[in-house]
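Asks: From first to last, the protein sequence lines are chains C and A. According to our numbering, the first sequence is numbered sequentially starting from 669. According to our numbering, the second sequence is numbered sequentially starting from 54.
Misleading hints may appear alongside valid ones.
[Claimed, not checked] Straight-line alpha carbon distances no greater than 27 Å define the calculated BS3-like cross-link-like pairs of lysine-lysine that follow:
{"#": "1", "chain 1": "C", "residue 1": "K950", "chain 2": "C", "residue 2": "K979"}
{"#": "2", "chain 1": "C", "residue 1": "K917", "chain 2": "C", "residue 2": "K979"}
{"#": "3", "chain 1": "C", "residue 1": "K917", "chain 2": "A", "residue 2": "K185"}
{"#": "4", "chain 1": "A", "residue 1": "K185", "chain 2": "C", "residue 2": "K979"}
{"#": "5", "chain 1": "C", "residue 1": "K950", "chain 2": "C", "residue 2": "K917"}
Source of the hints: derived by calculation from the structure; they are not laboratory data.
The lines below spell out each chain.
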Amino acid sequence: MATHELPYIAAIEEAIREEMERDDSVLYFGQNIATHENDPFLKQFGGDRVRVTPISETAEIGMAVGTAIAGFRPVVELYMAEFMLVAMDQVVNEANRFHYMSKGQVKVPLVLKAGYGFTCGWAGQHTGTIYGMFTGVPGLKVVVPATAADAKGLMTAAIRDDNPVCYFHHYLLTLEHGDVPDGEHVVPLGRANVVREGADVTIVAIGWCLGKALAAAEQLAANGVEAEVIDPRTVAPLDTDTILASVAKTGRLVVVDQSTRHGSVAAVIAAEVADAGFGSLKAPVKLVTALDATVPYSEPMEAYLLPDEAKVADAVHQVLGNAPVAA
Amino acid sequence: MPPVQTEEGLELLRSMWRIRVFEERVGALARANEVHGLIHLSVGQEAVAVGVCGALRDDDAVYSNHRAHGHALAKGASPAKVLAELMGREGGLCRGLGGSMHLVDVEHGLLGATGVVGGNIPLALGSALAAKLGGSDAVAVVFFGDGAVQGGIFVESVNLATLWRLPVLLVCENNGFAEFTPRSAHTTVERVSDVVAPYGIARETVDGNDVVAVRDAFTRFLGAARAGEGPALLECLTHRLRGHYEGDPQRYREALAEEEWQRLDPILRLQRALAVEGGEFEAEAREEVEAAERLARASPFPPASLTAELAYA
C-alpha cells in the first residue's frame, strides 16, 4: 500500500480537511482557530463552516450538539481535554442521550477533538489523561489514536459516525511522524489492532503508552519473551473480543494506561478479562498506570508518576513469574 | 388584554384548555401511580406555551425543559403519544425511553426537552445556526424558567446568539420560583429582560398570563428573527399553580387566594375578553384527553431489546 509520511497532528488535520471537502455538512468550531485570514481552513472553507468561538465551552459544545441534531457534522476543537470538563453536562448528559431518549428520532454526529496527557511541565490542570471519564457513558464513543495512520483513520471514521465521538489525541505524539496510507483511509471505530504478535504475554497499551509497550516488547524479545501488543484504538465501545482472544492464547495480561489507576480504562479491561477470561489466566493481571495523583510540575516527579518502558517490562516479568509480584 | 379576533381567540382558548385538562389528568394519574416518574406540571402557565407555539411552523425548532407537556401539546404533539410516554409505553413519543422531561417529537419540530436547568439553551443556538447555514427562515425557540438565568450557560448562550445574530428566540417563563426558592433568593436583578441589556438583544417583559400579549410580542420577535434581525428574549411573567413537581408540599409559599387566581388565570381571562363560557371547550378537552388515555393504556410496555437496539445510532 502506498503511503505518505506525516506528523500525527498533520494526519488529523488531513482527515478533517478531506472530510470537509467531501461533505458540506462538516463544520469546524473552536476557540482560537481561524484567527487570521490566511488560516488554511478559513481560506478553503469560509467563515460559515469554520467558526471561532468565545471561551464558552458550554455554549460552544451545546451549540455544536444543536447543529448536529439539525443534521450537520460539527468538529469541535477543544485543544485541552480538560476544557471539556467545563461543559460536562453537554458532553455526558445531553449529546450522548438524545438518540436513545428520542427512540432514535434524532442523531448527534459530533466530534469533540481534545488533546490530553501533555506531561512536559504543564502541571496539574493541562496534563490529565481523562478518556476514562468518558468511557462507560452511554451513547458516547471514545477514540485514542497512537499513530499518525490511526490518527487520520479514526478522525475520518469519527466524522462519518452518527454518534458523538470524543477524539483524544496525545500532545506528546503531536510531532511524531508516521506512514499514512494514501487516499481514503478509515479505521473502523470499535476495532482493536494487534500491533505485534507473540505467544508469551499480552500487553494492551492505550494511546501514548503503545510506544512504551512496543519498546518494552523489543527489550523482552532480546531475552526470549514474545509479547503480543494490542492497541484498542477505540476505548468505547471496547473491542474486548480481540483482547480475550489474545489472553486465551498467552494466558498472561499486562495493561498499560497513562490514566490514574482507578479512573483508567486499564481497570475496565482487567475487569472484563477477569469476568470473561479468568479461566485462561495463568497469573494475576498487572496494571501499569499513572499513580492516583495529580501530575506534578517538576520533571523528575512527572516521570515518577507515569508508565514507562521499564515499568512495563517489570510487569511482564512479574506475570511470567520471573520477578516477585509487587504488593 | 389587547383585542383578539374571535376565531383566533377561540383557537387559543381551545389549546389552553387542552393543556389544562391534560395536566390535571396527569396529576391524577401520578397520584394513582400510573404515571410513575418525576412529573412537573404547567397548570397556570398555559398562555406562554400557546402564545408562542401557536405562531410557529413545524420546521421551527423548539427546545423545552423539565416542564415540557404544555410545550409539546401546543407544538402539535399527539396527546395520546405524550400521555403514553408519561405512562412509559411503547406507543409514547419516545417509546417510553424519554418520559416526562425528555419529550421529543421531530415531526412537529419539538427537537427536545432536557431535564437539567439551562442545558437546552445552547442546543437551540445550534438549530438556529443550522437554519441560517441552510438558507431557511426557520427559527429556534427555547423555553426556560427564571431559575436558568443565573447559570453561566445562559450568559454564554446570549453572548454567542447576539455575536452571531442567530435566529433564536429565548422564552423565559418567569413564574417567580426557581424550583423551591423565590427569585429574590437567587439574584438582585428583578427582571430577566434586564439581565441581557448589555448585549443589545431585542427584549421585552410581558404579562405571561395574557395569551394575546404573549402571542403579539412573540410574533413581533418572530418576524424580526425570520427577517435575519437576530435573537430576542421574551420574559413572560406567569404563575405556576402547582408545586415544582407533583407531590411538592410547597412549604416555601402560600397558596394563592381563590379570587386572586380567578383574576390571573389565563384561561378565565381569555374567556372574559372573548365573552364566552368555557364549558364546551373544557368538555371537548376532556373527551380528547380521555381518548388519549384509552390509547395510552392500550399500548404495551416497550421491549427490553430497545436498550441494545438504540445504544448507538
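Asks: Next step is simple, just say for each hint if it's right about the structure.
Replies: Cross-check of the supplied hints:
In summary, the hint linking K950/C to K979/C is supported, as the alpha carbons are separated by about 20 Å, within the 27 Å threshold. Between K917/C and K979/C the alpha-carbon distance is near 23 Å, which keeps this suggested pair within the 27 Å criterion. With a C-alpha separation of about 56 Å, the suggested pairing of K917/C with K185/A is violated against the 27 Å cut-off. For the suggested pair K185/A and K979/C, the alpha carbons sit about 54 Å apart, so the restraint of at most 27 Å is broken.
Restraint check for K950/C and K917/C: satisfied, since their Cα atoms lie roughly 11 Å apart, inside the 27 Å limit.
When held up to the earlier numbered hints, the structure conflicts with 3 and 4 and fits the remainder.
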